[in-house]
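There are 2 protein chains.
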Amino acid sequence: MRQVEICFSPELIHLHDLEGKIVVVVDIFRATSTMVAALANGITEIKTFASLEECRDMGSEGYLIAGERNGVTAEGFQLGNSPVAYLNNQYAGQKLAMTTTNGTLAISKSQGAYEILIGAFPNLSATVSYLQSRDQDVLIHCAGWKGRFNLEDSLYAGALAKSLEATHTSEEDGALAMKALFEKEGHNLKGFLSQASHAKRLQNHNIESDIDFCLTLDLYPSVAKVESEVVKWI
Amino acid sequence: MRQVEICFSPELIHLHDLEGKIVVVVDIFRATSTMVAALANGITEIKTFASLEECRDMGSEGYLIAGERNGVTAEGFQLGNSPVAYLNNQYAGQKLAMTTTNGTLAISKSQGAYEILIGAFPNLSATVSYLQSRDQDVLIHCAGWKGRFNLEDSLYAGALAKSLEATHTSEEDGALAMKALFEKEGHNLKGFLSQASHAKRLQNHNIESDIDFCLTLDLYPSVAKVESEVVKWI
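Sequence order for the protein chains is R and Z.
The first sequence runs contiguously to residue 234 in our numbering.
The second sequence runs contiguously to residue 234 in our numbering.
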């Protein structure tokens with residue numbers, strides 16, 4: 001059996017061995033959910049940036065630019081970090097440059113892996129099928145919140161570990177814990193998450209429709225993959 | 001309501017604010033369980049050390065010396081990290097100097113807190129009563145395993161968060177997750193943990209009786225507290 005393990009924060013990723021593994025980067029609220037929404041709605045590629053400045057500069061190279069800090073659209077950007085903004089093929093055919101608080105960092109810290117995927121609930125089953133078709137062990141890299149454990153990324157990790165159980169063992173402590181937590185709370189994701197501090201912070205931003213989208217399973221049949229620092233739909 | 005939060009690793013403790021909080025340091029397999037066993041069996045005080053050398057030197061000052069690295073007794077030490085070695089008042093009346101892989105680090109990184117307690121299942125209810133008698137918020141600091149999340153420390157944290165629910169809210173994501181996990185798996189701690197990689201490593205050291213001791217609830221009515229870098233029974 002292949003193995004699945006979870007890293008709960010980019011601050012802990014140096015303690016995990018990435019070599020030969022497929023890393024799935026997760027930032028459910030909202031960076032990786034937004035990437036999946038954008039690609040499923042016709043965005044042709046996504047470049048991610050750590051700094052606002054670098055990302056903003058891509059506007060002059062014909063990119064649509066999306067920038068978010070602490071949950072709100074950053075100054076001078078066309079878009080923030082809302083997945084529903086991309087629905088109905090709103091920006092189909094365009095290239096996107098994106099920077100977010102936690103998600104971009106997790107992607108850049110995953111370099112060195114065999115492959116890097118982007119994980120979100122709306123394409124969970126597609127990601128599962130892809131991982132099952134490959135021989136590599138899986139490491140789920142949660143973006144967390146300012147370096148700390150967060151509940152929604154961890155629950156996605158548990159859902160993925162659970163969905164992989166026919167082919168991948170969850171002996172690693174984090175995977176075992178989150179698989180069990182998903183078994184208990186997976187039927188009621190939104191209710192369970194609504195008790196959490198991060199979800200409460202998001203509710204303050206009036207993004208109820210984003211939260212609903214981010215927790216919706218299996219809308220899309222494709223996988224989001226990072227290649228040469230560009231995220232594409234495969 | 002007071003708050004309870006969980007830090008899953010000493011590598012993440014810098015992201016938490018310790019000021020004004022009571023920190024409960026947890027290293028279930030086996031440092032904090034061993035401290036509680038030792039104090040409950042007549043050890044008068046415990047000094048903890050990061051380095052083997054400093055700890056070994058305490059032998060010439062009349063201390064019983066206990067040293068463990070990677071699960072086994074270190075060279076030149078009278079004791080390793082086995083809680084059952086202290087039972088039946090085996091070393092009653094003596095002072096203990098101790099160094100362990102993960103536990104000592106978590107204690108030293110908890111400096112700055114309002115108070116520091118040592119947590120273990122054998123005195124869980126006593127610790128709960130003590131925390132409920134105080135006005136401070138609680139931060140549970142899991143020693144983890146080589147900086148990573150581990151299951152037994154996290155489950156203790158969940159048990160403590162659950163036991164405190166009449167007086168302390170678990171809105172913080174880690175506390176919410178582990179409280180729910182303990183609700184699901186708390187009736188079967190040993191069975192659930194036996195699937196985990198760290199517990200499997202311990203099984204290789206033939207310490208079944210240690211594991212049983214470490215997972216036994218409420219043998220002792222007192223609390224272990226760190227004051228001026230010395231752990232005492234109060």
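By construction, these hints were calculated from the structure, which means they are not laboratory data.
It cannot be assumed that every hint is accurate.
Unchecked claim - Capping the alpha-carbon separation at 27 angstroms, the derived lysine-lysine pairs in DSS-like fashion look like this:
{"hint": "1", "chain 1": "R", "residue 1": "LYS109", "chain 2": "Z", "residue 2": "LYS146"}
{"hint": "2", "chain 1": "Z", "residue 1": "LYS184", "chain 2": "R", "residue 2": "LYS190"}
{"hint": "3", "chain 1": "Z", "residue 1": "LYS47", "chain 2": "Z", "residue 2": "LYS162"}
{"hint": "4", "chain 1": "Z", "residue 1": "LYS162", "chain 2": "R", "residue 2": "LYS184"}
{"hint": "5", "chain 1": "Z", "residue 1": "LYS162", "chain 2": "R", "residue 2": "LYS162"}
{"hint": "6", "chain 1": "Z", "residue 1": "LYS162", "chain 2": "R", "residue 2": "LYS190"}
{"hint": "7", "chain 1": "Z", "residue 1": "LYS184", "chain 2": "Z", "residue 2": "LYS47"}
{"hint": "8", "chain 1": "Z", "residue 1": "LYS225", "chain 2": "R", "residue 2": "LYS184"}
Claimed, not checked - Stretch-level coverage of chain Z by chain R, calculated; a stretch enters the list once three of its residues show a Cβ under 8 angstroms from a Cβ in chain R:
{"hint": "9", "region": "10-17"}
{"hint": "10", "region": "40-51"}
{"hint": "11", "region": "104-116"}
The C-beta atom is built at its ideal place from N, Cα and C for all residues, glycine as well.
Would the hint linking Z/LYS162 and R/LYS162 be met if the CA-CA limit is 27 angstroms? 25 angstroms, holds
At a Cβ distance under 8 angstroms, does chain R reach at least three residues of the region 40-51 of chain Z? As far as the region 40-51 of chain Z goes, the hint is violated, because 0 residues have Cβ atoms under 8 angstroms from chain R.
Going straight from one Cα to the other, do Z/LYS162 and R/LYS184 come out at no more than 27 angstroms? 16 angstroms, holds
Counting residues of the region 10-17 of chain Z with a beta carbon closer than 8 angstroms to any beta carbon of chain R, are there 3 or more? holds (count 4)
Going straight from one Cα to the other, do Z/LYS184 and R/LYS190 come out at no more than 27 angstroms? 19 angstroms, holds
Is the straight-line distance between the alpha-carbon of Z/LYS225 and that of R/LYS184 27 angstroms or less? 35 angstroms, violated
Hinted pair Z/LYS184 and Z/LYS47, Cα distance within 27 angstroms: 36 angstroms, violated
Can you confirm whether chain R covers the region 104-116 of chain Z, using C-beta to C-beta distances below 8 angstroms and requiring at least three such residues? It is violated: at least three residues are needed, and the region 104-116 of chain Z offers just 0 whose Cβ sits closer than 8 angstroms to chain R.
Is R/LYS109 within 27 angstroms of Z/LYS146, Cα to Cα? 19 angstroms, holds
Between the alpha carbons of Z/LYS47 and Z/LYS162, is the straight-line distance 27 angstroms or under? 30 angstroms, violated
Need the status of pair Z/LYS162, R/LYS190: alpha-carbon distance at most 27 angstroms? 21 angstroms, holds
Checked against the numbered hints above, the structure breaks hints 3, 7, 8, 10, 11 and satisfies the rest.
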